[in-house]
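*Asks:* As a plain string of letters, each chain reads:
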Amino acid sequence: MRPGDRQAGRRPGLPNRAYRSLLVATAAIFVAVVGWYVLSIVVQARPAFSALGVSWIFQKVWDPTHNRFGLLPFILGTLETTAIAMVLAVPIGLGSALALAHLVPDRLKVPLSTMVELLAAVPSVVYGLWGLIVIAPVFRSTVEPFLSTVFGWTGLFNGPADGVGLLLAGVILFVMVLPTMVAISRDVLAVVPLEQVEGAMALGATRWQVLRKVVIPGARTGILGGFTLAIGRALGETVAVALIIGNSPYIAHSITSPAATLASLIVNNFGEATGTELSALFGAALVLMVIGVVVNAAARWLVPASALSSAVPVAVG
Amino acid sequence: MASALAFDAPSDPMLERRRLIHEAARSSLRRRALTSRVAVGVCWLCLGIAIVPLVAVVAYVVAKGLPAWSADFFTHVTAPEGIPGGGVWNAIVGTAEIGLISTAVTVPLGLSCGLFLAQSEGKVAAAVRFTADVMTGVPSITIGIFGYIAIVKNFGYSGLAGAFSIGIVMLPVVIRAGETAFRSVPPSLQEAALALGARNAVIARRVVVPTALPGVITGVFLAVARGLGETAPLLLTIFGNQYMQWNPTKPMDALPLVIFNNSSQPYADLVQIAWGAALLLLAVVLMLNIAGRVAAAVLRREKR
Amino acid sequence: MIEPVPAPSPPPARPGPEAPAVTAAKTVARGPRGEPVMRLRQVSVSFSGRAAVRDVSFDVRTAQITALIGPSGSGKTTLLRALNRMHDSERSASVTGTITLGDLDVNAASTDATLLRTRVGMVFQRPNPFPTMSIYENAVAGLRFNGVRKKSLLDESAESALTAAALWDSVRDRLKTRASTLSGGEQQRLCIARALAVEPEVLLMDEPTSALDPVATKRIEELVGELKDRVTIVIVTHNMQQAMRVSDQCAFLLMGADKAGELVEFGPTATLFSDPSDPRTLDYVNGRFG
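Chains as they are written, first to last, in our numbering: chain Z, 1 to 317; chain Y, 1001 to 1304; chain F, 2001 to 2290.
The hints are simulated quantities; they were obtained by calculation from the structure and are not laboratory data. All C-beta atoms, glycine included, are put in the ideal place defined by N, C-alpha and C. Hints are not guaranteed to be accurate.
To be verified - Restricting the straight-line Cα-Cα distance to at most 25 angstroms, the calculated cross-link-like pairs of lysine-lysine (PhoX-like) are:
1) F:Lys2228 with F:Lys2259
2) F:Lys2176 with F:Lys2151
3) F:Lys2151 with Z:Lys213
4) Y:Lys1064 with Y:Lys1153
5) Z:Lys213 with Z:Lys109
6) F:Lys2218 with F:Lys2228
7) F:Lys2176 with Z:Lys213
8) Z:Lys213 with F:Lys2228
Said to hold, decoys possible - Pairwise CB distance ranges (calculated):
9) Y:Gly1041 with F:Ser2152: 34 to 42 angstroms
10) Z:Glu195 with Y:Asn1261: 40 to 48 angstroms
11) Y:Gly1156 with Z:Ala25: 55 to 63 angstroms
As the list claims (entries may be wrong) - To be clear about the criterion: a stretch of chain F counts as covered by chain Y if any three or more of its residues have a C-beta under 8 angstroms from a C-beta of chain Y, and this derived list gives those stretches:
12) 2040 to 2050
13) 2155 to 2166
14) 2182 to 2188
When you get a sec, could you build the whole thing from the sequences and use the hints?
*Replies:* Rendered as structure tokens:
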């Protein structure tokens, strides 16, 4: 009881200080859990680093039976699938975002945007199933032979073409990160002030000139943020990729070869791994965690969190 | 110029400039107009390309999953390979239990933390907010690994370990969605309550939360939808179980796990089960998404 | 396509300068001071069938400043924006009647709107320089949009336009800096320079000073007066005193019973303010409403 309480009668609710402490405590719990998460992985990965040194991360060979561990094929696989996905997602995502923000009639804006956003809600494992059973055969029978005929001269398409592999994983990843790219870009493109659009129009600019010279530059930072966030999702994607990448622990020499990513490595080997192999897998998790944190931190730094619609669930799994 | 027009004399270079400008405008018009039409068309094409996968995924999942939906599918548990009549009842129970447990823990904790962030400025709050933002995007397999280290290593595979991992995936999403919703409550409402002598806890309970409810509901629904759809955290923590298991302290099965495990099986009926489970999961997740948005819109309209 | 404007017919029996000879078929000629450069006949603008402006007719004369005045909602801005076809991007808008620029029918399907806008420029209510562009890039933005690439022409136009906007001396040393570093009044003058750089025949100004402080307003008003020999100006203003100070002719618009703006009176500014024909005009200029 505090002075004044007697006159006012006992007031309902926790006293302010206790209430505040309660809220602070929940924040502290959250931070503690995050810290525990980081620490756990670091601790479990340490044996691998003490046994194998530090440069093992960049070794090319992953051969547990001969006690040789290297993460390079998986790092490359992660980067390459992400690259394929982003090469497709940036132009198509930007184009769609432009259409949604400035070309689509007003009454269609919300329905079409919602459709694209719902793409983000589809669970990753469903994409994996669809990619494996529906799309992989199409790649094997049509797309990959076509590509190696037309583009074989680049040397990129001359490997095994079974459908599963880097290319399929990259394409399915593209579908998965597209909603992120579109939703965030659309949000920033739509808020470019009308007066600037009109200012350009009044000078005799064509529609595309207005978009290219005024709208897109005005939304630059936000688009970059969406791009970074999309990369973050692609890098961390596990289950869909694990199902369709073919799981070959060697560096791929052709876009159509089977490969593996850090995440698929963990998923496919964790069950039976012991000893150094298990530590190496924790090491892979550590590398993946670091990459994910860095990329996501960069994304949030580029775009203030308020600009990111919380209605775009960025499921990464 | 022959004419001695006072207002024209200084503008002669202007007339020349105007002529050059009009010439450039006229000669470039066709190219500019064509470029504009093509570019705009490309944007429309991109939008079409973006919509096609959504339609394709949903169509295929429905087409291939619906045939799997039978009475057996919903009431039987996993059948051994090659034996027909299997179902996903055990996986449904697992998904439901794990979902309920993680939601029950995550929502109060996350919303309280969101409330804290909404009512705090300063570096500490900013750091917490940043942490939550980064954690929403962190690869969920690493969270599965954390679940393994924290729980499975000590207590074995269990539904609770799965709920723990899924909870950690959901927590930052709930925190940020909660903060956004709470921040949208006008300060004037809170100040009015304060002026009446209410304590902060009461203000939160009676003013802030009810006003922010639409946003909170959307956020929670979306977080749950995301949690239910996550697979990687489950892969390393619940182990799977072909028998019915109601006890969350034991290994359990879940829909995402069934899909993952059955996708690459050579047995056609197992693959069909995977499609059926995918349809079920997709339906639940999409409905939660849509329900979240609709609920928020309805609640927002009722406030007026 | 835009037809070249032929030499105007000899002026009526009035004392004044003669028409200049047309130098070439492709040159855009200018009429002598006072000749109509834009004519409006029965111009109406409606949105989804409901009229916002109805049956407006008047002439805009070369090297004169025409002001559109009236209380808010009377359709002044709507009418102004019809003159450079800004309503094209509004699906529900429909413009009827005839608007001619010299010999050109502004609303004809064969008239290209982007080319039209090189001849009829616009300055907006709130200064809107492009924030990601420098001062120089803003000034030449219109030229670049229209395919002008020659550096010498761009530089010449930029300097000429910025000088005409009374901005050259203060920005000549910082042309590469962002336009957002300028003050509000300077930004508006940059927007005027940007519009002038394309050498339009007509400049439309939509309440160009209403977002500015009194000092900046005064400078823009002076500028407008200086510009009238270079370009014909049509200015919308809800400030009567500004109209009196700045314009040669006034069009007084008023919202009618059907919520559509109509032209109540048009004439020389001095007459309109001191001895108007219509009683509604008298009421407005005496401040009885507005």
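*Asks:* Against this structure, judge whether each hint is valid.
*Replies:* Checked hints:
Between F:Lys2228 and F:Lys2259 the CA atoms are separated by roughly 33 angstroms; this puts the pair beyond 25 angstroms, and the hint is violated. Restraint check: the Cα-Cα separation between F:Lys2176 and F:Lys2151 comes to about 15 angstroms, which is no more than 25 angstroms; the hinted pair holds. A threshold of 25 angstroms between alpha carbons decides the hint, and for F:Lys2151 with Z:Lys213 the separation of about 19 angstroms falls inside it, so the pair holds. For the hint linking Y:Lys1064 to Y:Lys1153, the alpha-carbon distance of about 38 angstroms lies beyond 25 angstroms, and the restraint is violated.
As the CA atoms of Z:Lys213 and Z:Lys109 are separated by approximately 23 angstroms, the hinted pair is consistent with the 25 angstroms bound. Restraint check: the Cα-Cα separation between F:Lys2218 and F:Lys2228 comes to about 16 angstroms, which is no more than 25 angstroms; the hinted pair holds. Proposed proximity of F:Lys2176 and Z:Lys213 is supported: the alpha carbons are some 17 angstroms apart, at most 25 angstroms. Taking the CA atoms of Z:Lys213 and F:Lys2228, the gap is near 31 angstroms; set against the 25 angstroms cutoff, the hint is violated.
The hint said 34 to 42 angstroms for the Cβ distance between Y:Gly1041 and F:Ser2152, and at roughly 36 angstroms that hint holds. Under the hint 40 to 48 angstroms, the C-beta atoms of Z:Glu195 and Y:Asn1261, about 57 angstroms apart, miss the expected range. A C-beta distance of roughly 30 angstroms is found between Y:Gly1156 and Z:Ala25, which places it outside the suggested range of 55 to 63 angstroms. Counting residues of the segment 2040 to 2050 of chain F whose CB lies closer than 8 angstroms to any CB of chain Y gives 0, which falls below the minimum of 3, so the coverage claim is violated.
With 3 residues carrying a beta carbon less than 8 angstroms from a beta carbon of chain Y, the segment 2155 to 2166 of chain F meets the three-residue requirement, and the given coverage holds. Here the segment 2182 to 2188 of chain F counts 0 residues with a CB under 8 angstroms from a CB of chain Y, which misses the bar of 3, and the coverage is violated.
Of the numbered hints given earlier, the model fails hints 1, 4, 8, 10, 11, 12, 14; all others are met.
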